[in-house]
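Chains as they are written, first to last, in this note's numbering: chain Y, 1 to 496; chain L, 1001 to 1496.
A couple of the hints might just be wrong.
[Unchecked claim] If you anchor each label on the Cβ, the simulated ranges turn out as follows:
{"#": "1", "chain 1": "L", "residue 1": "Glu1478", "chain 2": "Y", "residue 2": "Asp19", "range": "47 to 55 Å"}
{"#": "2", "chain 1": "Y", "residue 1": "Gln145", "chain 2": "L", "residue 2": "Arg1193", "range": "42 to 50 Å"}
{"#": "3", "chain 1": "Y", "residue 1": "Arg157", "chain 2": "L", "residue 2": "Glu1089", "range": "45 to 53 Å"}
These aren't lab readings, by the way, just hints derived from the structure by calculation.
Fair warning: this is a prediction, and the values are worked out from it, not measured in the lab.
We put the beta carbon where it would ideally sit given N, CA and C, even for glycine.
Number of protein chains: 2
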Amino acid sequence: MREDGAVPADSGALGPQFDFLLQEPLSRARGGDSLQKQLLHRLRAAVLDGRFPAGSRLPGSRVLAESLGVSRNTVTLVYEVLSTEGYIEPSRQGTRVAALARPEPEERAHPAPAALARRGERIRKRELGGVDSFAFAPGVPALAQFPLAAWRRSLDRVLQRGGTQLLGYGPPQGEPALRMAVLRHLALARGMRCAPEQVVITEGAQEALSLCVRLVTDPGDTAWIEDPGYRGVQTALACGDLLVVPVPVDAEGLRTSASDWRDRPPRLVCTTPAHQYPTGAVLTASRRLDLIEKCRRHGAWIVEDDYDGEFRHSGEPLACMQGLTPGAPVFYVGTFSKTLFPSLRVGFLILPEQLVDRAAPVVDELLRGGHRHEQLALAHFMESGQYSRHLARMRRLYRRRRDALRTALAEHFDVPHTVTGGDSGMHLTVWLPPDAPDQPLARAARRHRMAPRPLSQHSLLPGTAHNGLVLGYGNTPESAFAPGLHQLAHLIRDLD
Amino acid sequence: MREDGAVPADSGALGPQFDFLLQEPLSRARGGDSLQKQLLHRLRAAVLDGRFPAGSRLPGSRVLAESLGVSRNTVTLVYEVLSTEGYIEPSRQGTRVAALARPEPEERAHPAPAALARRGERIRKRELGGVDSFAFAPGVPALAQFPLAAWRRSLDRVLQRGGTQLLGYGPPQGEPALRMAVLRHLALARGMRCAPEQVVITEGAQEALSLCVRLVTDPGDTAWIEDPGYRGVQTALACGDLLVVPVPVDAEGLRTSASDWRDRPPRLVCTTPAHQYPTGAVLTASRRLDLIEKCRRHGAWIVEDDYDGEFRHSGEPLACMQGLTPGAPVFYVGTFSKTLFPSLRVGFLILPEQLVDRAAPVVDELLRGGHRHEQLALAHFMESGQYSRHLARMRRLYRRRRDALRTALAEHFDVPHTVTGGDSGMHLTVWLPPDAPDQPLARAARRHRMAPRPLSQHSLLPGTAHNGLVLGYGNTPESAFAPGLHQLAHLIRDLD
Chain Y
1 MREDGAVPAD SGALGPQFDF LLQEPLSRAR GGDSLQKQLL HRLRAAVLDG RFPAGSRLPG
61 SRVLAESLGV SRNTVTLVYE VLSTEGYIEP SRQGTRVAAL ARPEPEERAH PAPAALARRG
121 ERIRKRELGG VDSFAFAPGV PALAQFPLAA WRRSLDRVLQ RGGTQLLGYG PPQGEPALRM
181 AVLRHLALAR GMRCAPEQVV ITEGAQEALS LCVRLVTDPG DTAWIEDPGY RGVQTALACG
241 DLLVVPVPVD AEGLRTSASD WRDRPPRLVC TTPAHQYPTG AVLTASRRLD LIEKCRRHGA
301 WIVEDDYDGE FRHSGEPLAC MQGLTPGAPV FYVGTFSKTL FPSLRVGFLI LPEQLVDRAA
361 PVVDELLRGG HRHEQLALAH FMESGQYSRH LARMRRLYRR RRDALRTALA EHFDVPHTVT
421 GGDSGMHLTV WLPPDAPDQP LARAARRHRM APRPLSQHSL LPGTAHNGLV LGYGNTPESA
481 FAPGLHQLAH LIRDLD
Chain L
1001 MREDGAVPAD SGALGPQFDF LLQEPLSRAR GGDSLQKQLL HRLRAAVLDG RFPAGSRLPG
1061 SRVLAESLGV SRNTVTLVYE VLSTEGYIEP SRQGTRVAAL ARPEPEERAH PAPAALARRG
1121 ERIRKRELGG VDSFAFAPGV PALAQFPLAA WRRSLDRVLQ RGGTQLLGYG PPQGEPALRM
1181 AVLRHLALAR GMRCAPEQVV ITEGAQEALS LCVRLVTDPG DTAWIEDPGY RGVQTALACG
1241 DLLVVPVPVD AEGLRTSASD WRDRPPRLVC TTPAHQYPTG AVLTASRRLD LIEKCRRHGA
1301 WIVEDDYDGE FRHSGEPLAC MQGLTPGAPV FYVGTFSKTL FPSLRVGFLI LPEQLVDRAA
1361 PVVDELLRGG HRHEQLALAH FMESGQYSRH LARMRRLYRR RRDALRTALA EHFDVPHTVT
1421 GGDSGMHLTV WLPPDAPDQP LARAARRHRM APRPLSQHSL LPGTAHNGLV LGYGNTPESA
1481 FAPGLHQLAH LIRDLD
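Same shape as in the complex, but just chain Y:
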């Protein structure tokens, strides 16, 4: 071997079309590709780029091996792979290059280096732009308060005890232990009555909603959503190719009209009855019963998204629609993203009991049972009481933060505004006058590491654009309220 690791080659026996192999010899340099791999890649490239025309003969393995200074076995194996891939074919006269259609590479397929760099830049920005830690980001719980050490112990316990048993696919509906823990928690905390077979563990609320769409709708069906409302809902409905009809929300929650029911009756109604997102309205009992009754009559289904119902700030948690009347056509969607942490990606769906049979094969088909360690760690976390304790602590924390934010708004936000919501959850909605347009305001706020969400982003009906900010207080400490609100008021004045 030469000092640079190159394998000495002998051009004598090969034709000139093999010069490319001899001029830049194969290298045995440490850490590089094996000789076999190098030879394979080079010969493959030579066939592809036309240096070896179709039908031309390759030298025998012995000749090529000797010329290149490699073992005959190496060449044999390379020929074998090339033959399996169909680049070369054995023939009576030896090995020949196969006839291949060689597509012309398209110019437009090669982005210029500058364009590539710009893309990379944008991607990096999106990645660094995680706004969970920004002040007022809605929907993010108090991450620093999560009992991570206890969670690590729960998870490690499962990894240690479960052994390799848990590495395979789990039941598509989720681990039975977790489904039972969810059921017991809902029964105790929310008075919900359901059977274990109604519980399906999902990858967060979004997958639960997608499952509802697959279960009861066909493409082209109508779905009603709240306006203003949560944008994520639209994505899942759009994926089912549903016709989305925005239905207005007032102080009593979703307000359906006789003409809506007559002219565009829904197959699916998506609602956040416990704490309408983003206005904070509670869907009244009379509207709940009316909605259930009308859905029954029209063969429609309700998706009850209870995204933050665990954090009710006064009195007991509100009852769910799911348990309101027996056999109500309601899917109940819950998530651990708000009660534990978002990157856990665990949510759940409570199926209406009359759908359990129809759902089973769909669930089997659509969901893969996985994340078994995480699911069992979560079950243990719940059954050992750590979950309830964490919820109780967070409920107190969020109530304190809500009170502090209301006070801070009154004292430090000297812009005309109205505040709604805050009976539960982790956000207040602040309505602003039209001369303080929320979208430029939110963009300006980002530059100051604040991420309130513009209310107008949640509006769907033309001409109803609401204007204001959704202020999350879940992951924002009280000390940040006054300076943040001063800054926002300042930014509003600068918008003029």
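Position chain L relative to chain Y; hints supplied.
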């Protein structure tokens, strides 16, 4: 308080409609619901079932509190919740019951207890029926060989070092560290060249495929799939409401015809070029180039599902279609379910570079960045070399098992049959004569804790029903081959 924990009540001041509260008094028994919660549930139920007619007046909070022997504050809070929920309304004459539409509960919505029990039984069966550990189950890697202790260390390291930073949402395309690790691995092991922005981390191969569907198809578009082929593909395509056209497979892989291209040109072509599932054919270079060229001409896209390409048993791994020609319209789908373990639920998608821009907003919309600890643990596992070492060990193990299974088939399976596949991966395909129908055979095998998959389940075109068994050897020890094959041969004779 009485000995049984019941709260003493005084009926004097309340009307007879409150008897239900007095006859079964609220209880302070330990571990039960709070008085407040009990009172809330009972009053809510009373309004719902009509015991309190609309407009009827509720006693003042002081009177009710005294009669029930609870604090006035308890009653006030309960009234507050009921009022928020809209069950009662404040009026000038005190608190009144709201007018509610009371839906009749439907009889059919109540499944009889027997039906419920049967369902429970079925669900339990499905849950216990995990066949990962059954002999010959295809698609399951050698779970007992997974270095679980090392994986635990990787995971715990991330949980400890990452702190609460990693609890929030991550980038929707996946953790940058994992995307870089995937990219480096693919470059080294498969000669693939791509930019970091082309890599998207997904929940397994299924989500990757769904993403392809959302990116380049509209409902009603045509998708070609291999026949016989992997059933999971159909699910993802059905979710996109695509028209699925089965295209036959022969010894050189997917065989498209001029009439297919003319009469039902595809928008998407799903293929397993490295090791066709289940036949084991390798798509030849000439067909690969032809497919790429035709897809370009027809504006179609290829999904290259490389589910077991890492386990090539002879020579170097085959080159991917993705890197074959610059700008090839190919999505490359990979998964860690086979190389590590299924319940990890991590896969990846390599986007064609010309789609990176179009994909970014779709990925942001559809995927939630999560499982950050797991993703970073996996990145560490890969970058520290543990992944390659595990792959190399498994490659040797599977090659040994494949050889042993081939030998065992020849020696112990005394039924006429042909064997295909096995150049890579973890399964052999055994073709059987028509008098040994595969579906009843597979059902009978289950009772003996064997889970070979019937080949006919993979057939789509009418009149082409293939007959045979897919025998997985990934998670089946060599010692189980001979007895299992004897048993299968025995079952075939019993079928007659």
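Here is how each hint holds up against the structure:
1. L:Glu1478 to Y:Asp19: 47 to 55 Å: holds (49 Å)
2. Y:Gln145 to L:Arg1193: 42 to 50 Å: Given about 45 Å between the Cβ atoms, the range holds.
3. Y:Arg157 to L:Glu1089: 45 to 53 Å: holds (51 Å)
The structure fails none of the hints (numbered hints given earlier).
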